[in-house]
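Number of protein chains: 2
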Amino acid sequence: MLKGLASGFFSKPRDFSLPNSSWGPEMMRLYEQYNSQCGEETEGGENREGPWKRLPSYNRFLKYATGGVYLSRMIHKKARLFTRNNRDQGATFEYVLFFNSEEDKCVGVFQAGHLLEGPPGHVHGGAIATMIDTVIGTHATIACGPVLTANLNINYRRPIPLGNTVLLESSVDKKEGKKVFVTCKMTSSDGSKLHTDSTALFVSIKVSQLLLGS
Amino acid sequence: MLKGLASGFFSKPRDFSLPNSSWGPEMMRLYEQYNSQCGEETEGGENREGPWKRLPSYNRFLKYATGGVYLSRMIHKKARLFTRNNRDQGATFEYVLFFNSEEDKCVGVFQAGHLLEGPPGHVHGGAIATMIDTVIGTHATIACGPVLTANLNINYRRPIPLGNTVLLESSVDKKEGKKVFVTCKMTSSDGSKLHTDSTALFVSIKVSQLLLGS
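These protein sequence lines are chains A and B, in that order.
Quick note: the first sequence, position 176, residue 176 per the UniProt record's numbering, numbers continuous.
Quick note: the second sequence, position 75, residue 75 per the UniProt record's numbering, numbers continuous.
For the record, the hints were derived by calculation from the structure and aren't laboratory data.
Treat the hints loosely; a few may be bogus.
Copies of the same chain are indistinguishable here, so a pair counts whether it falls within one copy or spans any two.
In silico DSS-like cross-links for lysine-lysine, where the CA-CA straight-line distance does not exceed 25 Å [claimed, not checked]:
| # | residue 1 | residue 2 |
| --- | --- | --- |
| 1 | Lys-174 | Lys-105 |
| 2 | Lys-77 | Lys-174 |
| 3 | Lys-105 | Lys-78 |
| 4 | Lys-175 | Lys-105 |
On a predicted model such as this, the values are computed, not experimentally measured, just so you know.
Produce the entire structure from the sequences given, and follow the hints as far as they go.
Dropping the structure here:
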């Protein structure tokens, strides 16, 4: 019993990139569309090949993700990732990211909850910027390891109603030394309407430097 | 008793721009610095004159703020303003905005909570964008009425450790028809360190148009 408890307590934390009951039909449709093309272990235990990979998502930095640096120097024990800080499923950011290494393309499927309001009935410009930063920051990290956002330039073309599911697609334009230039488009779930287009510059860093002084 | 309950239920909602127990010394110091220069009613009931005005902040759109349009056509009854959606004081965005009509300057004092994490121990780039959008969006609204963000361009110069209090200062560069161009700097609370500088373009809208179709 104790062993079971301990094992449960120290087991891998919740992966927020997996579906939950708040996900609507459009979110599920897009999830299935990309997930069915992922190279993962099937229920039968066989390895399925595919160009896409679903990226797991946790609400805090884990020892295995930072080489132990963060846990040993932890500044804020209660700190949680901004996009995963709300326990009420469906209330804020519901999203899943997929990466295609053959095409070097990152895709995010994002369902906007009712607590993300900016203009009446629509998603806050800051919440939109947060999702863009999440997708392109992940893409830049895959390309160069840990990075910090140095510039983020967003054109807001069309507001996003609360509750809608949208699609984000990023691509790396170029790398120059420690710099990575990424672009991202956010469209309606069927791709017909452009909500935002954006460019960003990331600079690679060592996490230990970030913790030693800001 | 019933009257008292009804009166309490329908009374003006909480003003989040007022201090609470989570505000640290730097947040309080800056609040007092600007609030003491505000033209407001004093405890003694006298009107005090001052160049600054503290801007109240609520977590949802109110009838008197939108001419009743929003409440009568409300799409999401549970919708809450993104920056004020967390009930745990001090956990996310603690901020207060002041406006100086003589200098046409808007100032935001922002204390970053532990649930805003992006890079380990530091504020998420999206949370920073959210605060910038809040300050400059408010400034643009004062200048032109309801607006939507059309472009937001942020240079991230120095990461912000969780728990820190920072200062945002915006100014309107120019107005052209329905367009308003605003700039904003985010510094450490003593003004010595630059965290971000940014430019933004806002376009004035009618809230009713936003609700009729997106």
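Regarding Lys-175 and Lys-105, is the shortest C-alpha distance of 25 Å or less found within a copy, between copies, in both, or in neither?
Intra 15 Å, inter 39 Å, cutoff 25 Å: intra-copy only.
Tell me, please, which holds for Lys-174 and Lys-105 at an alpha-carbon limit of 25 Å: within, between, both or neither?
Within one copy only: 13 Å inside a chain, 38 Å across chains, cut-off 25 Å.
As a check of your reading, is Lys-77 near Lys-174 (CA-CA no more than 25 Å) within one copy, between copies, both or neither?
neither (36 Å within a copy, 44 Å between copies)
Within a copy, between copies, both or neither: which one fits Lys-105 and Lys-78 at a CA-CA cutoff of 25 Å?
neither (33 Å within a copy, 35 Å between copies)
The structure fails to meet hints 2 and 3 from the earlier list, while all remaining hints are met.
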